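Number of protein chains: 2
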Amino acid sequence: MLTIALPKGALLKDSIKLCQQAGLDFSLFLEESNRQLQIEDPQGLAKALLVRAQDVPVYVEYGQAHLGIVGYDVLKEKQADVAQIADLGFGYCRMSVAVPSASSYRSSSDLPAHGIVASKFVNCAKEHFRALDLPVEIVPLYGSVELGPITGMSEAIVDLVSTGKTLRENGLIEIDILFESSAYLVANPLTYRLNSYQLSEWVKKIIRN
Amino acid sequence: MLTIALPKGALLKDSIKLCQQAGLDFSLFLEESNRQLQIEDPQGLAKALLVRAQDVPVYVEYGQAHLGIVGYDVLKEKQADVAQIADLGFGYCRMSVAVPSASSYRSSSDLPAHGIVASKFVNCAKEHFRALDLPVEIVPLYGSVELGPITGMSEAIVDLVSTGKTLRENGLIEIDILFESSAYLVANPLTYRLNSYQLSEWVKKIIRN
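Chains as they are written, first to last, in the working numbering: chain Y, 1 to 209; chain L, 210 to 418.
One or more hints might be untrue.
Derived pair list, reagent style SDA-like, types lysine to any residue, alpha-carbon separation capped at 25 Å [to be verified]: (1) Lys217/L / Val161/Y; (2) Lys13/Y / Lys120/Y; (3) Lys217/L / Gly152/Y; (4) Lys285/L / Met153/Y; (5) Lys217/L / Lys329/L; (6) Lys78/Y / Ala102/Y; (7) Lys217/L / Gly63/Y; (8) Lys217/L / Glu32/Y; (9) Lys126/Y / Ser144/Y; (10) Lys78/Y / Ser353/L; (11) Lys256/L / Cys93/Y; (12) Lys287/L / Arg377/L; (13) Lys47/Y / Ala86/Y; (14) Lys205/Y / Gly23/Y; (15) Lys329/L / Gln79/Y; (16) Lys78/Y / Lys287/L; (17) Lys120/Y / Pro349/L; (18) Lys17/Y / Leu28/Y; (19) Lys205/Y / Lys126/Y.
Chain Y is nowhere near these chain L residues, computed Cβ spacing over 12 Å in every case [what the hints assert, rightly or not]: (20) Leu258; (21) Glu270; (22) Glu410.
Hint data in this document are derived by calculation from the structure and do not stem from the laboratory.
If you're wondering where the values come from, they're calculated on a predicted model, not measured in any experiment.
Ideal Cβ positions, reconstructed from N, Cα and C, are used throughout, including at glycine.
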């Protein structure tokens, strides 16, 4: 049976709406009382897994899910071996470099060599500064990255920015955009190539909307 | 001013109680309406940072916090350069290998060579299987690790077990314990050695209880 991995968090509601338009009802995942992480749609056509956004590419790469919906930011950071089928046109945000507004840095290349940059997106941050040929130390954090510059631990952060509210509240400003991100439909490469589970039919139904 | 990093989540309440016994009131962090991640105690004696458990060793290692409270599991996984001062005697849990109860595996060494083990604690899992000389593939997951064996992606998981309720609910059983864990008081090595901020006085007050 076709299995699709859906991401917890900001993209879940729109992901479930998209599935609904393709005839698959996984709205049980939106009910607060739900504790199940694996459900079948009421018509028994397909299964869905509810996992952390970062885990979507893992389940798709290992073939436990044939399709997945996940932000481009996660795909870029994890560099998982999945087929990127389509930009789904929701969940827009951007990966940015931000610094305290009181600092004198106005672009990434203003940062001091051997400065410290805190980020949840270590690979994206490394790639950005490597391309600039600027040797900075990337410190991996798991949450509240804005505390890095506030406490003085880091000169800058690389983080996902949506409305910019968190940055403003913490006295930070964006000085560079690494890339823009939105939700993507991804597939297991082998399943996609062999068209198992009538994958291409499902993909058409999901992305035609 | 002395700064202490406190972990969000399961250890927060007991950590704040311990600080209170040492004369430092950070109970504001327990109020649901609180959005501040950095506060001063009302007497102005010390500051506290509220961060993810995994980030506590980072802030302590880089010296933005002089003390920190964090689970031994995180210290072992991150191998951060911090001084482990004392076992604080709360937050008991264990790092275990678990498999589906229906499987035939009853110890780690029963697992097949080149089998797959899912874990949030990649380094701990690697070390365990390396010591057994059993080549398994460790797949990093960020949440709901129990889905690994349920979906058939992995033969086993390495995860933190407290009451065992999550394992039971998902038809998994523990087959090996890697180590036991509890909350630790950690310090920045240099601050501790130089006894800046009267660190040893504070440590005595915190651990005497």
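Checked hints:
| no. | hint | verdict |
| --- | --- | --- |
| 1 | Lys217/L / Val161/Y | 23 Å, holds |
| 2 | Lys13/Y / Lys120/Y | 24 Å, holds |
| 3 | Lys217/L / Gly152/Y | 21 Å, holds |
| 4 | Lys285/L / Met153/Y | 23 Å, holds |
| 5 | Lys217/L / Lys329/L | 17 Å, holds |
| 6 | Lys78/Y / Ala102/Y | 33 Å, violated |
| 7 | Lys217/L / Gly63/Y | 34 Å, violated |
| 8 | Lys217/L / Glu32/Y | 22 Å, holds |
| 9 | Lys126/Y / Ser144/Y | 19 Å, holds |
| 10 | Lys78/Y / Ser353/L | 18 Å, holds |
| 11 | Lys256/L / Cys93/Y | 33 Å, violated |
| 12 | Lys287/L / Arg377/L | 28 Å, violated |
| 13 | Lys47/Y / Ala86/Y | 21 Å, holds |
| 14 | Lys205/Y / Gly23/Y | 8 Å, holds |
| 15 | Lys329/L / Gln79/Y | 18 Å, holds |
| 16 | Lys78/Y / Lys287/L | 19 Å, holds |
| 17 | Lys120/Y / Pro349/L | 15 Å, holds |
| 18 | Lys17/Y / Leu28/Y | 12 Å, holds |
| 19 | Lys205/Y / Lys126/Y | 38 Å, violated |
| 20 | Leu258 | 7 Å, violated |
| 21 | Glu270 | 9 Å, violated |
| 22 | Glu410 | 23 Å, holds |
Hint compliance for this structure: hints 6, 7, 11, 12, 19, 20, 21 are broken, all remaining hints hold.
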